[in-house]
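**Q** Next come the chains, spelled out residue by residue.
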Amino acid sequence: MQTNHHKERLYKILVIGDLGVGKTSIIKRYVHHNFSPNYRATIGVDFALKVLNWDQETVRLQLWDIAGQERFGNMTRVYYREAMGAFIVFDVTRPASFEAVTKWKEDLDSKLTLTNGKHVATVLLANKCDQGRDVLTNNGIKMEQFCQENGFVGWYETSAKENINIDEAANCLVKHIIASEKDMLQSEVSDTITPQLEKDKGGTCSSCFRSQ
Amino acid sequence: FPTLSLSLQRDPGWKLFGKVPPREGPIKDPKKVQKEYETKSGRGGPGNPTSPRQSVRKNLDFEPLSTTALILEDRPANLPAKPVEEAQKHRQQYEEMVAQAKKRELKEAQKRKKQLEDRCKLEESIGTAAQTWNQEILPNWSAMCTSRRVRDLWWQGIPPSVRGKVWSLAVGNELNITHELYHICLSRAKVKWKTTPASSAETETEDAGCSDRESSLELIKLDISRTFPQLCIFQQGGPYHDVLHSILGAYTCYRPDVGYVQGMSFIAAVLILNLDTADAFIAFANLLNKPCQMAFFRVDHSLMLTYFAAFEVFFEENLPKLFAHFKKNNLTPDIYLIDWIFTLYSKSLPLDLACRVWDVFCRDGEEFLFRTALGLLRLYQDVLTCMDFIHMAQFLTRLPDLIPAEQLFQHIATIHMTSRNRKWAQVLQALQKDHERGSPVLKH
Chain W
1 MQTNHHKERL YKILVIGDLG VGKTSIIKRY VHHNFSPNYR ATIGVDFALK
51 VLNWDQETVR LQLWDIAGQE RFGNMTRVYY REAMGAFIVF DVTRPASFEA
101 VTKWKEDLDS KLTLTNGKHV ATVLLANKCD QGRDVLTNNG IKMEQFCQEN
151 GFVGWYETSA KENINIDEAA NCLVKHIIAS EKDMLQSEVS DTITPQLEKD
201 KGGTCSSCFR SQ
Chain U
1 FPTLSLSLQR DPGWKLFGKV PPREGPIKDP KKVQKEYETK SGRGGPGNPT
51 SPRQSVRKNL DFEPLSTTAL ILEDRPANLP AKPVEEAQKH RQQYEEMVAQ
101 AKKRELKEAQ KRKKQLEDRC KLEESIGTAA QTWNQEILPN WSAMCTSRRV
151 RDLWWQGIPP SVRGKVWSLA VGNELNITHE LYHICLSRAK VKWKTTPASS
201 AETETEDAGC SDRESSLELI KLDISRTFPQ LCIFQQGGPY HDVLHSILGA
251 YTCYRPDVGY VQGMSFIAAV LILNLDTADA FIAFANLLNK PCQMAFFRVD
301 HSLMLTYFAA FEVFFEENLP KLFAHFKKNN LTPDIYLIDW IFTLYSKSLP
351 LDLACRVWDV FCRDGEEFLF RTALGLLRLY QDVLTCMDFI HMAQFLTRLP
401 DLIPAEQLFQ HIATIHMTSR NRKWAQVLQA LQKDHERGSP VLKH
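Top line first, the protein sequences correspond to chains W and U. For the first sequence, the positions run 1 to 212 when UniProt numbering is used. For the second sequence, the positions run 1 to 444 when UniProt numbering is used.
It is possible that some hints are incorrect.
List time: in silico DSSO-like cross-link candidates among lysine-lysine, alpha-carbon distance up to 30 angstroms [to be verified]:
| # | chain 1 | residue 1 | chain 2 | residue 2 |
| --- | --- | --- | --- | --- |
| 1 | W | 161 | U | 221 |
| 2 | W | 103 | W | 7 |
| 3 | W | 103 | U | 221 |
No lab work stands behind these hints, which were simulated from the structure alone.
Chain U with its partners taken away, still in its complex shape:
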């Protein structure tokens, strides 16, 4: 209230009681204050679940709180009284201010109500969607999963309650991993952890296999605490700490040639949030087995460059101006795509939005990861065009906290994944062949 505080300085006749509820009167019984303090700070003992202050607050919810705290007073008795005109003017000003503040508060209350309504609507639509998925789609999966209607529903986001199930079905289990195999891998990992001393520092230099060193317990341990730290569930002592540890450890025994690679902890974590442990492991291993993920997690550099080159083909096709701007500033796709692809956007997008990207990624495959990247670039095209290299790099490696989901998906939808009549897979294949023939285009 800038206007209020200003007039406060000019006219000594105004008084503000920021926190005193008006009906309680200006002077409080000190005992009552003490009691209030105790209940508020949780020292009041049991049997007093709600503090009186809280209940007062509730009652005031639809009454303008701030304006009722503004009290018009006359000058103190020891000073000459205000002239009638001035007093009237002040009264009028006071009433105007109160009226304005009331209007503002009313507007905010309406806005809050609207937000609440929207949320209820959203929850309701999620509820009906969950019902559709559970009762109609999932029981008839193979027959329905490619239908137009299911595809549309899919694009709008899978309800969280069926998300894990749909992901599992869409990713499949090409590797035929059983729950039993998961438990075998896990027990092997546990044996390995026991035999390697906790402080592996001294033994490490003598370790023969480099990949063995890399898949070490210590590496996984270091990264687990840095996986979605803000959620506080994967850290030491958190409810999912051991689960994440188990899945990553079991994977290093399942694929010792791949081992643990940074980024995996984020993927496993997202799966854990949506699936039971063994199913999460199965989805994890199958996801990582997809060609694009294998290329990245095995750090097959030349194949990664082929992916980047394919991405650039579609980048230029869809966003020629921005593409030229990136080229001019030497901003290569490896700078921002590595993070996005390695973590499947789970680190760079808000988690609920990342899950929506996963929804379609599980359905459409690797192509959708690159399409999402182009959707993001298209969404932020105007801001990016005004930036230099370092600001673009900073922006893309740390995207805004609030990304409008619907808008992003609209932008993704407008990205065409065809270039001169060739689809993603064809472009990629052609580039791969070029590369095998030793074309200089891809050399860095």
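Isolated chain W, as found in the complex:
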């Protein structure tokens, strides 16, 4: 908030998913506009900062690129704190990495809740789509159903290598983060938050999917 007229928003975004699905590559593509097949494995956490102009406002995205090995789960959960959104990434050429998606989502939701009791906006990324399509992602209807059931606000087939859908996915996430922030502010103003009532609705967001 440098001037009165110019508002600045800062959001912490997590990028999670199995080992080697391309989390670092996606971030490098999004922030530095390049790709290299030679990224080193991420140990612990890496960081990137992306600045966006959004409706005449400056939006700063703090991207937390978190190591993918299952074993690190306990250690990396402290990194989830105060995040406002997340990407969960899987590799379309490795079905096992898709199996892990629900596990990542459950893990995220169990450790992170917004002040209004809702889950953080999460976008699912089916990465490496340039390397041939998975049977599952071929079926758009099925994927959308999967997103609804698991509380994703959207999903994208991405390729960090070919620069496919990365900006689109990020814009979708930012849109939902801003919407959920408004939602939180409103519930604070009316001062009638009863998170328990929302519990069964999960993390679905009104602008993309409606529960039921």
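With chain W held as given, fit chain U onto it using these hints.
**A** For chain U alone, kept in the frame of chain W given last:
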């Protein structure tokens, strides 16, 4: 040459021939050009090892290349000639420019010469050090290894030719692993790999043991190609790909309870670069067996937090201002220490510098890893103090490509590893006891 190109625009009398060597004249025989092109692009066939261009270049090494390409010309004949005064002025300007450029080039040549001399000196000192290590220290290892002189020499960096040997001796072989045991573990790993189908995707969900799944071939495979990718020696088809694979695989059979954990591939790779395969495995297993490494690679979270807490005690003691700045910005040690400790700095520091850290780590143990961290923080204290959370986090998880080795070691040397008369091990032990008693200090 900004000044040159500027004057080029103003005065049509200047001409620049960027690439034409002056002695060759402005017009080239097209056949010669063709030939040059062929040799340059490697199509000239055998029997023509050096291109004429290259030999010309060599001759010009100590002659200012760029200035000789600047040619003062009079106006073309169809235009009125320059007035005498102007022509003289231009000539003077031209001479000044040439003189300046020559001076600059001479300076650079001197700088290059100095660099070359420094390098020769360094190589010579490495050579003498290697001799000392080989002829005096290694044959009398147990008697000499703790002497003042050896410790000083050690601090300056072990010569690469004896590095592996010294590491092996310093790390020791508490586990009594033999070459035979390594080969047994390796053959077991190979059997395991054969029985698990290459595309383990479908079978994986039915896999009972979680740790078994984690130590799977696929995990190691994915990480090997991402280990020092810039060196191009561990990737598929590279000379050390199979060696790295073997060591990591053998370890998962040697310690199935630990299995493969990210970060291990970097440690094994550094060892492979300095030791033969079986010896590298022995050093690897013994290194990982050290208390700090065991805590981290088994991801014993509460013990890791104890290490971080101990680190913070010394952080506050040594760098109180920076410590306060970190606290204010909520920058906790797990954010940067995890990468540094898991890979023993081999991922975050340039490889030659990382090896120097390993030198002293092998001698002084885990304490030196944390001392190095404080040395790094001290080295970059001024830059870090001006940064906010995200920039500090970015800086520390991706350190500059060029880190001055001598300076870093000077900073490390000034870090005191005592706090209120307690040494590292005592501080750590006290915190561990506190933790066992359930002190709330360490709860996250």
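**Q** Of all the hints given earlier, name the ones this structure violates by number, lowest first.
**A** Structure breaks hint 2 only.
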